[in-house]
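Just so you know, the sequences run in chain order F and H.
Under the working numbering, think of the first position of the first sequence as 1, with each following residue one higher.
Under the working numbering, think of the first position of the second sequence as 1, with each following residue one higher.
It is worth saying that the hints were derived from the structure and are not from the lab.
It cannot be assumed that every hint is accurate.
Since the list can't tell identical chains apart, any single copy or any two copies may satisfy a pair.
As the list claims (entries may be wrong) - The list that follows gives simulated cross-link-like pairs (lysine-lysine, DSSO-like), each with its CA atoms no further than 30 Å apart:
1. K132 / K14
2. K233 / K315
3. K3 / K16
4. K165 / K315
5. K315 / K265
6. K339 / K16
7. K132 / K265
8. K265 / K16
9. K14 / K239
10. K16 / K239
11. K269 / K132
Chain residues, written in single-letter form:
There are 2 protein chains.
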Amino acid sequence: FGKLSDRVVDIARKIKKLGQDDPRRIIHSLKVGLAVSLVSLFYYFDPLYDGFGSSAMWAILTVVVVFEFSVGATLGRGLNRGLATFLAGALGFGAHHLAVLSGETVQPILLALFVFLLAASVTFIRFFPHMKARYDYGLLIFILTFCMISVSGYRDEEILEMAHKRVSTILIGGLTAVSVCILICPVWAGDGLHNSVATNIEKLGNFLEGFGNAYFKKLEDGDSTKADMQGYKSVLNSKQSEEAQTNFARWEPRHGRFRFRHPWKHYLKIGSLSRQCAYRIDALSGYLHSEIQGPMEIGSEMEEACMKMSLESGKALKELAASMRAMISPGSATPHITKSKLAANSLKSLLNINTAALMCQDTGSDLLDLIPAATVASLLVDVVYCTEKIDESI
Amino acid sequence: FGKLSDRVVDIARKIKKLGQDDPRRIIHSLKVGLAVSLVSLFYYFDPLYDGFGSSAMWAILTVVVVFEFSVGATLGRGLNRGLATFLAGALGFGAHHLAVLSGETVQPILLALFVFLLAASVTFIRFFPHMKARYDYGLLIFILTFCMISVSGYRDEEILEMAHKRVSTILIGGLTAVSVCILICPVWAGDGLHNSVATNIEKLGNFLEGFGNAYFKKLEDGDSTKADMQGYKSVLNSKQSEEAQTNFARWEPRHGRFRFRHPWKHYLKIGSLSRQCAYRIDALSGYLHSEIQGPMEIGSEMEEACMKMSLESGKALKELAASMRAMISPGSATPHITKSKLAANSLKSLLNINTAALMCQDTGSDLLDLIPAATVASLLVDVVYCTEKIDESI
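Chain F with its partners taken away, still in its complex shape (with noise of 0.2 Å):
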């Protein structure tokens, strides 16, 4: 019993965390509750609950399929239903028409060959990449309306009426799902995607700002910086979700600071340089870790040049993140960019001159250790510098 009790509690600090992580989840799991509640109520008190008879259903199915986290998904979720499901009616309306017209006997062949030709079609539609992207659900919808259509309206000679039911009672939970969704504290896919694109150059730009200092063993590892050096991690792999969310938003109507047409697909050119920065971050970071890491003995000048390199360019993605937050040309983001060059060039002239003398005192191990680090963070200059001119053209 007491186990039993200690998983309950254990399972009640997880659902504590989940809401606490994101309190939007609460909000949209009450929303949906609230959608789904009116669409019953309205086919309650409806006076023309006959007419609608049991295609109600349809509208509650629609409700709970349709209604997503976020404005773009719902919307692109509800249009594709919607336009779908007139479409492939028309088309097996048709097709049901078709069959009739043939005689008896060839119909229920013909009728399957219809269903097969368009099932196998567009299913094979469903994996261009630029349609599952967009349209794959409307394309499952289509095919499914479409049999059912010819094949329901085969034997009870109402389509007519089916599909004008159908359709009616799809608009109808359709519009509620989207109605609630978008009424009651949206969730903005187009919002969610800045937020993160910005998010993550944040995070490259902490792990760099902590860098200098762990590498070179300036400060004890507090807890503190040790999660900022940890967040970088998740950027490594933000690329499907960045995907997703620009092809919400671009369901998006115009809201907040965001036209109706922004430029969605440069964040995902922001996001790639981004992950490219990351893995560089990465390597960067097996050197933290690795037992290779010596005591350090280079030049004093060497690993100013290093440290600066780093707080700099952190500085600057740090910079370059708060002016995309406030949606502003980057500007103050500049002199840390410069800085963070001119320390890889002195770097550079440093390793020509000084570690001729350097090297001939024998240190060729610490060496091994140290240009890794400046070699990838002259890297990450670039990177930074291309952040700022795809940021710039926002």
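Take the given structure of chain F and dock chain H to it, following the hints.
Okay, now just chain H, sitting in the frame of chain F:
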């Protein structure tokens, strides 16, 4: 008109390419068409048709919605749908009964409350990562069925019959989808996962084999080698698809060389190690195309060591991939790993001794180009070692 025909030709070419890239797509499309036609015909020739009534369309709906590309995904969706419908049907019946008992005025309020509570709480459960991965679809269907049973049963008092119909049609639809999916050219998610993990390791190996030559400009860049060098990029973002395939694979029964409880989670570990390796490789490839890369004038011993490291670790990775495919223990890779380690060690000592002399002759900027390659290659050796350890545990 010419433009239109150009477009048609263009689309036709794309369709052909999509089919050629993976012929299983065409087979899958035909399978979906077949399954849908089968169910349609079943309802046409079935003498029990009147018993099922309009719920025949539920069977079609089930086939269309459940049929997925791989066996695991289809089974997962089918089981989710079946179980969720059954459970939610029972619960919905209970809720409806309770509401009826409570009198006519309270009834709609109570039902709306039930629907609200259930929809909100199940939607919240869908946010748990563990539930989302395996039971997302089932939870959706759970909300759906519960709402439909409790609300539509509200009027026609035939809930039990409706529930019975729904479960049986879903069974028919689900069984049709699953059997067509398994019996005709099955696509196993487990096979796919196994192959894609092995292919990814192979791609990394290809890059490393080619890297030495490309970096030291020993060979002209042919088109074929260039494709090899770009192949690793798909590894960088392989996380989500590997996770999805692992989830599907866990639904699959024993097939081919895989037992029922194959350790699918191991693939995730191997996958994450190869991604780590790919990040390093991405950093390496930056040096291939960077403008810093001047003419190489480093000691031939060092060049040789670098070449050997990248060649041998590439070979080792390819051996690992091959032995993974054949599911034998990867002994054949060991000599290559040993050799690449030896090369790494000799490079380190070379750096200690030789560079000092080399340096005094002032070639600092060349060193800047060389060392990243060397250090990353030594990192790679570590990664290869890890991969080997995990591969042995399969």
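Structure-based check of all given hints:
no., hint, in the structure
1, K132 / K14, "between (34 Å within a copy, 15 Å between copies)"
2, K233 / K315, "both (19 Å within a copy, 29 Å between copies)"
3, K3 / K16, "within (20 Å within a copy, 59 Å between copies)"
4, K165 / K315, "neither (60 Å within a copy, 64 Å between copies)"
5, K315 / K265, "within (26 Å within a copy, 39 Å between copies)"
6, K339 / K16, "neither (45 Å within a copy, 53 Å between copies)"
7, K132 / K265, "both (17 Å within a copy, 28 Å between copies)"
8, K265 / K16, "between (36 Å within a copy, 28 Å between copies)"
9, K14 / K239, "both (27 Å within a copy, 25 Å between copies)"
10, K16 / K239, "both (29 Å within a copy, 28 Å between copies)"
11, K269 / K132, "both (20 Å within a copy, 29 Å between copies)"
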